[in-house]
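Two chains, two frames, a set of hints: combine them into the complex.
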Amino acid sequence: MTTRRSTRRRSIVAMVAILAVVGVFVVRLVDIQVVRAEDLNEQSTEKRSVPMTIYGTRGEIVDANGVVLADSVLRYDITISPRQLLAAPNNPFTRVLDDGTEIEITADQAITEIAGLTGQKAEDLLADVHEDPTSDYLMLAEEQPLEVFEAIRDLGIPGIYMERDPARSYPNGAVAGNLVGFTGTDNVARAGVEYHWDECLASSDGTATYERGLDNTRIPGSTLEVEDARDGGTVHLTIDRDLQWYAQQQIAQRAQEVGADWATAVVVRVADGALMAVADYPTVDPNDYSSADPGATGSRAFAIPYEPGSTFKAATVAMLLDAGAITPTTQIVAPGFFEVPDGPPIGDAWAHGDLRYTTAGALANSSNTGISVLTDHLDAQTRYEYWKKFGIGEQATDDFGGAESSGILHPAENWDTSTNYTVQFGQGVAATSLQVASIYQTLGNNGVRVPLSLVAGCEHADGTWTDVPTGEGVQVVSEAAADQTVQMLEPVASQLSLAPQLSIPGYRIAAKTGTAEVAQNGVYTSERVVSIAGLVPAENPEYAIVVTLGQPDTMKTSAAVAPTFHNITAQVLKTFRVEPSTEPAPDIPLTW
Amino acid sequence: MSALNALALPGRVPVEAPRPRRHIEVVPTREQRRARPRIVYALASVVGVFGIFLAQLALSIVLQQGAYQLSALEAEQKDLDRTEQALIEQLYALESSQQLAASAEEMGMVIGPIPPVLSLADGSVAGTASAAGAGAGLVGAAGNLVPNSLMVDQTAVDPATQTIDGQTPQDPAVPPAPVADAPADTPVAPVQPGDLTGGGENPSGGLPTPVTH
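Residue numbers (my numbering), protein chains in the order written: chain A, 3 to 594; chain B, 17 to 229.
To be clear, the hints were calculated from the coordinates, so they are not data collected in a lab.
From the three backbone atoms N, C-alpha and C, an ideal C-beta is built for every residue, glycine too.
Hints are supplied without guarantee of correctness; some may be wrong.
Calculated Cβ distances over 10 Å to all of chain A for the following chain B residues [claimed, not checked]: (1) Pro53; (2) Val65; (3) Phe66; (4) Ala71; (5) Leu73; (6) Gly82; (7) Ala102; (8) Glu111; (9) Ser113; (10) Ser119; (11) Thr144.
Restraint-style ranges between C-beta atoms, simulated for each label pair [said to hold, decoys possible]: (12) B:Leu75 x A:Thr96: 54 to 64 Å; (13) A:Tyr57 x B:Leu75: 27 to 37 Å; (14) B:Glu90 x A:Thr103: 47 to 57 Å.
Here are the simulated lysine to aspartate or glutamate pairs, EDC-like style, with alpha carbons at most 20 Å apart [what the hints assert, rightly or not]: (15) B:Lys94 x A:Asp156; (16) B:Lys94 x A:Asp233; (17) B:Lys94 x A:Glu149; (18) A:Lys391 x A:Glu415; (19) B:Lys94 x A:Asp167; (20) B:Lys94 x A:Glu481; (21) A:Lys123 x A:Asp110; (22) B:Lys94 x A:Glu229; (23) B:Lys94 x A:Asp79; (24) A:Lys390 x A:Asp464; (25) B:Lys94 x A:Asp217; (26) B:Lys94 x A:Asp230; (27) B:Lys94 x A:Asp381; (28) A:Lys123 x A:Glu133; (29) A:Lys123 x A:Asp73; (30) B:Lys94 x A:Asp73; (31) A:Lys391 x A:Asp381; (32) B:Lys94 x A:Glu145; (33) B:Lys94 x A:Glu165; (34) A:Lys391 x A:Asp207.
Bound conformation, chain B alone (with noise of 0.2 Å):
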């Protein structure tokens, strides 16, 4: 260090120049920085939000549906319950004393006389039986007497069958099937006439069995 050095350098402080500040932090910790917010976390929430939002639109439309669902299920059963009752009405009319009195007459049944009775208790009868006669019909040549503007002019008998519509006649011919398959050995005992009582045990009138072995 000379003077020549000093001089050269007249007043000049040897002044550092200011050299850009060191960037010093402090560097998290691992654990501060895996606890740092991510945009993943961002993302989620707001496509959790816009999700629920989509859930609540998506319930309120299968509510609305359910709504008209509802309500055309109500306007179908308001449907059915008029037909219902429209087919309640007819059903009346047609089980009117009139109308069947009309149906019975066009199938030829006539009024049967006053029938016998048979007493359960003793096996007696009491009573005649006798044939209904032919021209006994109900309502005869005098007509209905009694009117009905409900009375429906088609009656329930189909005249070429002399049976009720859409039954199938019966066979008279057929013998009735049998009611159970008992063997054809089991004796039954046979019960004679005037012996319903089943051995004169059934006093007060009561359903007569016969004694079976």
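Just chain A, with the same shape it has in the complex (with noise of 0.2 Å):
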């Protein structure tokens, strides 16, 4: 009975026992594979699947032709872990060379290979790597080409790691450099289309998501995520790249020649107001922005306005016209000095007595007493809202942002006698290159003005546009106002002293010269700026050209401009194929 009993008791003991165990191993099953299930699947996939990034690339800045201006390349970042390389087993490493023999390089022979790669100081890298000899980061070089990442790669070293870096390239340099502006170091946007167009080139990275193995291969069937990366926009611009060069290269030509400070050139298609080349000197070179001149980095032509002088004048005899208050043949008496009350007289910039002047004798002439007895035919508010219409005082263009001046034109209430006077003949009045190009437009438009444009769109990746300027105008000045103006702009290239220096045979051009005093601390000085500004052809413009120079040493009138806008003009012909003048100029008297 005993044994029987105690037989009983064992197998009840073991029983528990085995249960207890399997208990255990229940409850932690259980745990594992449903309570803590989701975590534990989780960590593990994370373990496996690292997401890679798809690298987006910052868009494209074209000119009107599809020529790349700025684009987006890749370098390469260098960088090092001095623990790695510097430790055993790594110094020396051995290398196996293309026959197969093997040497041992040393740490130090390693980073003197990689400095005559990059150019770089072996001195100075070897004093980088050994200052921390346990760091695991070290950037021994930035931005290197793919010719560089690729040598070192094949060296072997180890314990390089080389980093993606998107950087800008701007292929044509200076050529449009004012405009395009550039990025900083950093790949992000600091001026010129590249800033103020940056929500259309900027680019946005993707990810890829899948389980991989240690050598980073992808597990077969594994799930693959990808969220894509967009591309950026390509910003077109209006620019003509050639005709830009040119007028670059000749702006700074002639700057040099009669060592003027700085010079614009800007030429527009009259009819849609599209900038053609907005050329300034001194420029920027975008690959080489950190080099160049502070002041130099932005487009004077956008940002800094200046008085204009009498390339004014030609507005002012527009709206005296459109007001119906003179004709082009209204006889006028221009005197020597034109008196202003409770300020200094007015005089030209030859001396002369009484001049028997129509008003396209004043205009051509460019005599500032003629215009000012022209002036006293209209109020100054009406010419005020004038000028408002002709667009000084605001924007050109839309497509600049910030870094264009709107000028200075003071409310006809502030004008004070002397300012009442001038602001006709463009003194007293501050405008951009921009500005004055925007006059000519509207003069050789029949009136009409359209706001500039330096941007034609943006072609996004997905292939639609948007911020297509609309062309849409408004009526400054009659038809008819207009193109009597432009008319009476035509003997300074066909009669008068500029003559010979500005004709083009073949065609008729209006142009109308200007040489303005600067005012330094409230004062006028002998420094002065002198301009040209001209329509071609004249019959039925079809280009605006603006040629200024600011203060040349020299040659202080606008015949050190005169060869400058005969020659972009001859290429602004010759580009765009303007066909030839096939009517003689109308003969309008200048003197009566």
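In structure tokens, the structure reads:
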């Protein structure tokens, strides 16, 4: 009996023990497979699938013909782990040459090799590497091109890691560099179209997530999750790259010849206000903006207003004609000095007695006193409103953001007795080269001012276009007033003193000279801003051209600009295949 | 059967010795015999299972190999993309205005004057034709004044032959090959100067076509 009882007891104990052990396992199983299943699965997937970045590319900036002015390029940052390189077993490490021989390379030799490829000083790099031998990260060289990347990769140096570093390249250098702008070393837009059109150009990176083995190969059958990268859009400029280069080359050459501090040239297509060229001197090579004059990293033609001088007279005559106050043949007497109540008398650039000019004569000969006599035919407030309609005091385009100046036009009630007259010949008022060009665009376009455009549109990665200029304009003066004014400007290039330098056989050219005095500390000095603004062909203008030289040393009259204006005009005619004029210019009397 | 016999065998009940039981079974019919499992079937299924295992293993190996191939090709594509991008970058730099102007200058090219224009509508010529000046170089003595740090020193022009690198110079003395092998006796209508309008039927400025027979 006792043996049987003890047997039973033992088996009960064994059963309980087994059940307990099984119970523990079951609990653990449920815990792992049910309670913490999600968490653990996630952890295991995370170990195998790390998201990989898919890079989006920043958009290009191209000219009117699709020539690339700014594009995205890849550069590589070369970093190193000094700890891995300097410690055993990597120092020295073994390199197998192409012929199979093995050589020993020490860490210092390797660093010297890298310095030879990046063009850095070996001793500098060695000092950096040895400074903290326990460090795991040291930047050796930034923004290296592909050749260097490949050469260093092929050296097989342990501890080297190369990181992708997208950058911008400007293949045409300073051609339109003033407009295109640039990005910083961090690839963040800093200036110009790069900055103002960043929203169009910017890209966003995507990710690809999949499970992978130790060597980064995708595990077959594992799910692939892709979040697509978005490439940036292309900004199409209205600029013609070759004309832009030519204009820049021309104004730079002339500015250096006559010792001008600065120069601008603007070419506008009259019909739609598209800017064909906006040249600045000095200017910036966006590839190397840090070595440029800090004052020249933007566009002076957009940003810096100046007192433009006599090129404004064309607008004055146009508004007086439009108001019906004068006609092209209105007969006036231009005195040697025009007396201003409570102000200094107004004189001309040359000494003369009373001259019997018509309106056309006063305009073509650029007589300040003659224009002042005509100015009295229209009240100040009306003239102020005309200037506003011509766009003086507001930005000439929406395409350059805050980097464009509105110029300075004081309200008529703030004009003193002198300013009342001087505004009409471009003193006591400030405009940018762009605004002057806009006036001539208006006159050439039958009196309709179309806002200037630098950007023809943003072409997104999916092919859609946005920000295309509407080309809608406002009628500033009547068609008759505009056309008559243009005709009155033709003698400047066909009869008067600069005609031999300005004329181009076969073409009728309307031009207006300007020689403005430059005020410094509130006083007019002997410094001048000289310019010529014009329209070709005069009978049906297609292009408005404004060339300006700031503060030349050796030639302080608009004659300094004449050869440059001539060359750029000839280039415009050739580039855009403008047909020669067929009708002779009307003969408008200049004197009576 | 006598009593002796009966005495001789007292109490002996003739008992039959238990004979081994005869093995009797139902003989399976031929059909039943045929339906019985045979070793060959067991073997076949075992081999089959192993076969499936092996096939799956092979498939998995092939898939894995494919993954590696894919990965290698992707890496190669990345490399080629990089190279293409670097070459495009070089091409753009060679196409820059400054580089072209320098090359043109080196070849002795000059700026042409404004060309005359031939009107297709009435055959009239507007403007005057004149030759380019000998010294009317594109850049001139002033040199390039529009900086470009990407310009390369080596221009695309081979100074020895004055031609673009890699192009064989064409001998200007060789007349161009005839465009079509028209029979020599095919009469071609002579085009009179000033008669470019094709019988005056082209007033809209379209391309004039000489009338041929």
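Right, here's what the structure says about each hint:
The claim that proline 53 (chain B) is not at the interface with chain A holds, since no C-beta of that chain comes within 10 Å of its own (minimum 37 Å). Listed as outside the interface, valine 65 (chain B) is consistent with that label: its C-beta sits roughly 23 Å from the nearest C-beta of chain A, beyond the 10 Å cut-off. With a least CB separation of 23 Å from chain A, phenylalanine 66 (chain B) remains clear of the 10 Å interface cut-off, as annotated. Under the 10 Å C-beta cut-off, the non-interface status given to alanine 71 (chain B) relative to chain A holds; the minimum distance is some 16 Å.
The beta carbon of leucine 73 (chain B) sits about 13 Å from the closest Cβ of chain A, which is more than 10 Å, so the claim that it is off the interface holds. Once the 10 Å rule is applied to beta carbons, glycine 82 (chain B) is inconsistent with being away from chain A; the minimum gap is 7 Å. Against the 10 Å criterion, alanine 102 (chain B) falls within the reach of chain A, whose nearest CB is about 4 Å from its own CB. Chain A draws glutamate 111 (chain B) into its interface by the beta-carbon criterion, the shortest separation being 7 Å against a cut-off of 10 Å.
Once the 10 Å rule is applied to beta carbons, serine 113 (chain B) is inconsistent with being away from chain A; the minimum gap is 4 Å. No beta-carbon of chain A comes within 10 Å of the beta-carbon of serine 119 (chain B); the shortest separation is about 14 Å. Not every beta carbon of chain A lies more than 10 Å from that of threonine 144 (chain B), the smallest distance being close to 6 Å; the non-interface claim is violated. Separation of leucine 75 (chain B) from threonine 96 (chain A) is about 39 Å and departs from the stated range, judged on CB atoms against 54 to 64 Å.
Between tyrosine 57 (chain A) and leucine 75 (chain B) the C-beta distance comes to about 35 Å, which sits within the given range of 27 to 37 Å. Between glutamate 90 (chain B) and threonine 103 (chain A) the Cβ separation comes to about 33 Å, which falls outside the hinted range of 47 to 57 Å. The hinted pair formed by lysine 94 (chain B) and aspartate 156 (chain A) meets the criterion: a straight-line CA distance of about 16 Å does not exceed 20 Å. For the proposed pair lysine 94 (chain B) and aspartate 233 (chain A), the alpha carbon gap of about 17 Å is at most 20 Å, so the pair holds.
For the hint linking lysine 94 (chain B) to glutamate 149 (chain A), the alpha-carbon distance of about 15 Å falls within 20 Å, and the restraint holds. About 17 Å separates the Cα atoms of lysine 391 (chain A) and glutamate 415 (chain A), which keeps this hinted pair within 20 Å; it holds. A hinted pair counts as satisfied when its Cα atoms are at most 20 Å apart, and lysine 94 (chain B) with aspartate 167 (chain A) qualifies at roughly 15 Å. This hinted pair does not check out: lysine 94 (chain B) and glutamate 481 (chain A) have alpha carbons roughly 60 Å apart, beyond 20 Å.
A C-alpha spacing of about 13 Å is found between lysine 123 (chain A) and aspartate 110 (chain A), which places the hinted pair at or below 20 Å, so the restraint holds. Under the criterion of a C-alpha separation no larger than 20 Å, the hint pairing lysine 94 (chain B) with glutamate 229 (chain A) is consistent with the structure, at around 19 Å. Taking the CA atoms of lysine 94 (chain B) and aspartate 79 (chain A), the gap is near 17 Å; set against the 20 Å cutoff, the hint holds. The straight-line distance between the Cα atoms of lysine 390 (chain A) and aspartate 464 (chain A) is roughly 40 Å, outside the 20 Å bound, and the hint therefore fails.
In summary, the hint linking lysine 94 (chain B) to aspartate 217 (chain A) is supported, as the alpha carbons are separated by about 17 Å, within the 20 Å threshold. Between the alpha carbons of lysine 94 (chain B) and aspartate 230 (chain A) the distance comes to roughly 17 Å, so the proposed pair stays at or under 20 Å and holds. This hinted pair does not check out: lysine 94 (chain B) and aspartate 381 (chain A) have alpha carbons roughly 71 Å apart, beyond 20 Å. For a cut-off of 20 Å, the pair hint linking lysine 123 (chain A) to glutamate 133 (chain A) stands: about 16 Å separates their Cα positions.
As the CA atoms of lysine 123 (chain A) and aspartate 73 (chain A) are separated by approximately 30 Å, the hinted pair breaks the 20 Å bound. Under the criterion of a C-alpha separation no larger than 20 Å, the hint pairing lysine 94 (chain B) with aspartate 73 (chain A) is consistent with the structure, at around 19 Å. With a C-alpha separation of about 16 Å, the suggested pair lysine 391 (chain A) and aspartate 381 (chain A) falls inside the 20 Å cut-off, and the hint holds. Distance restraint check for lysine 94 (chain B) and glutamate 145 (chain A): the Cα-Cα separation of roughly 18 Å lies within the 20 Å cut-off, and the hinted pair is therefore satisfied.
With a C-alpha separation of about 14 Å, the suggested pair lysine 94 (chain B) and glutamate 165 (chain A) falls inside the 20 Å cut-off, and the hint holds. Restraint check: the Cα-Cα separation between lysine 391 (chain A) and aspartate 207 (chain A) comes to about 46 Å, which exceeds 20 Å; the hinted pair is violated.
In summary, the structure is inconsistent with hints 6, 7, 8, 9, 11, 12, 14, 20, 24, 27, 29 and 34 from the numbered list given earlier, while agreeing with the others.
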